[in-house]
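2 protein chains.
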Amino acid sequence: MRITIIGSGNVATHLAAAFKNAGHRIVQVYSRDMQNAALLAYHVGAEPIDNLNQVNPETDIFIISVKDDAIISTAKTLSKHQKLIVHTSGATDLSSLSAFTSNAGVFYPLQTLSKNKEVDFFTVPLCVEGANETITFELEQLAQTISNHVYRINSEQRKILHLAAVFACNFPNYLYSIAQQLLAKHNMEFELLRPLILETAQKVQDHLPAEVQTGPAIRNDKNTMAIHLQMLNGEPEMKNLYELLSQAIIKNI
Amino acid sequence: MRITIIGSGNVATHLAAAFKNAGHRIVQVYSRDMQNAALLAYHVGAEPIDNLNQVNPETDIFIISVKDDAIISTAKTLSKHQKLIVHTSGATDLSSLSAFTSNAGVFYPLQTLSKNKEVDFFTVPLCVEGANETITFELEQLAQTISNHVYRINSEQRKILHLAAVFACNFPNYLYSIAQQLLAKHNMEFELLRPLILETAQKVQDHLPAEVQTGPAIRNDKNTMAIHLQMLNGEPEMKNLYELLSQAIIKNI
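For the record, the sequence lines run as chains E and V. The numbering used here applies: residue 1 is where the first sequence begins, and numbers increase by one. The numbering used here applies: residue 1 is where the second sequence begins, and numbers increase by one.
Extracted from the complex, chain E is given alone in its bound form (with noise of 0.2 Å):
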């Protein structure tokens, strides 16, 4: 396919490159700031463009991966060609675009993408929605040619999602920067927690959460759970989360 990218930030450079490896051609990329528009189309042998209105009608698809409150404006300027836009955001509803084309979609990968960080894209998830079948499926065709993991997702399901990802991976990672805190304060390397974090994320590819679940919570260890609130009275906003936490794991149990 013909795809236009617009953005370059972190899930712009990887879909354009997913694309480009996968066969596809990308018509241009824009990006308000050139130089980062050049960066990337240089990388997928695109042309670079930093106004909208240079855009080259003669593409399949638009590809918006830009900050969720820029989609609309962006949607609205790029409707006129009438071509498949599709945007990439999880927390976007697809009636933001279908508010000015009915040929509009999503196609959200669902990843925490750096673009100093190669990622297989094969084992990233991509969820596609289309305003009706005949867009639902060809975005499932396209993803299937950079993916292995392609989902019909609705937008409803998709704000799910979303919410979900913040407690799958946001949070884990800043209890994480709890961790690394406590030893430092301690002199200790985060190095020696590195393979509890890994390992704990392994258990989960082929078990559920629940059923791993481990610590002095599940256990209700009064006494563990006793100490540690102690070693942290100097901590309140730790002690909080602690206390909470635990809480919620001793009540499901």
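Hints should not be assumed to be uniformly reliable.
Identical copies look the same in the list; a pair holds intra-copy or inter-copy alike.
[Claimed, not checked] In silico DSS-like cross-links for lysine-lysine, where the CA-CA straight-line distance does not exceed 27 Å:
#1 Lys239 - Lys159
#2 Lys222 - Lys251
#3 Lys185 - Lys251
#4 Lys159 - Lys185
#5 Lys239 - Lys251
#6 Lys115 - Lys251
#7 Lys222 - Lys67
#8 Lys115 - Lys222
#9 Lys222 - Lys159
#10 Lys222 - Lys239
#11 Lys76 - Lys222
For the record, the hints were derived by calculation from the structure and aren't laboratory data.
Fit chain V to the known structure of chain E by using the hints.
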């Protein structure tokens, strides 16, 4: 070395197997339950016993890997043999043993171990502490026969490490569980989130967690957070956690 394993739980099982593989001789395996003792003893070519009076004093080290609250009484019984005694508990001071013998130490594997899940023990961080430098050195040497990650960690540090592990392992696993419940309620498979969970843990293998924090809270994206909180209206516990964790992330930006 000649090693006697006291206990037949997850840690005892993995340690016994690792020692056996490294060429040590497992003399006996003790468990209150003869069936458990026999099962592990059979795997590592040792004699099973279910009574501490049957302990063979012809050994170099007793490794006590029982529930925390049974460590002291077990050590008391074994101390008459005047051999090196160590425990494997993250939450227990060395002094719990040294009350009975000066020939004491700690041998703490910092990993979440399950009997039915193989683990490459050479990747497991092993934290050792001895009642004196000779013992510490001996334990360090022993540890290096089964792990590439051996650390000298004193009792105070080990308590912090144990607390940090709750934040790095037990609590993240519970958050995975919340995410799984959210998905299940909306007819989505946990499968969708597994790659994200794994990648989140992989990212901190060569970064500090604070460097790779993502999500609405770190961006202070009030709009998305408000939508998420509204979606959690029917789940007061999840809502509470969402709020507390987000506030903590925002405060620490």
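Now for the hints, and whether the structure bears them out:
When the C-alpha separation of lysine 239 and lysine 159 is checked against a cutoff of 27 Å, the pair qualifies only between copies, where the shortest distance is 15 Å, while the shortest distance within a copy is 31 Å. Only within a single protomer do lysine 222 and lysine 251 lie at most 27 Å apart by alpha-carbon distance; the minimum there is 14 Å, versus 30 Å between protomers. Taking the closest pair of Cα atoms, lysine 185 and lysine 251 come within 27 Å of each other only across two copies (19 Å); inside a single copy the shortest separation is 32 Å, beyond that limit. In this assembly of identical chains, lysine 159 and lysine 185 lie within 27 Å of each other by CA distance solely across copies; the values are 13 Å between and 38 Å within a copy.
Taking identical chains as interchangeable, the C-alpha atoms of lysine 239 and lysine 251 lie at most 27 Å apart whether they share a chain (18 Å) or sit on different chains (15 Å). For a Cα distance limit of 27 Å, the shortest separation of lysine 115 from lysine 251 across copies, 26 Å, qualifies, whereas the shortest one inside one copy, 40 Å, does not. In this assembly of identical chains, the alpha carbons of lysine 222 and lysine 67 lie at most 27 Å apart only when taken from different copies (14 Å versus 46 Å within one copy). With identical chains, the CA atoms of lysine 115 and lysine 222 are at most 27 Å apart between copies only, with a shortest distance of 25 Å across copies and 44 Å within one.
Taking the shortest alpha-carbon separations for lysine 222 and lysine 159, only the inter-copy value of 16 Å comes in at or below 27 Å, while the best intra-copy value is 37 Å. In this assembly of identical chains, lysine 222 and lysine 239 lie within 27 Å of each other by CA distance both inside one copy and across copies; the values are 15 Å within and 25 Å between. Taking the shortest Cα distances, lysine 76 and lysine 222 sit within 27 Å of each other only across copies (24 Å), while inside one copy they are farther apart (58 Å).
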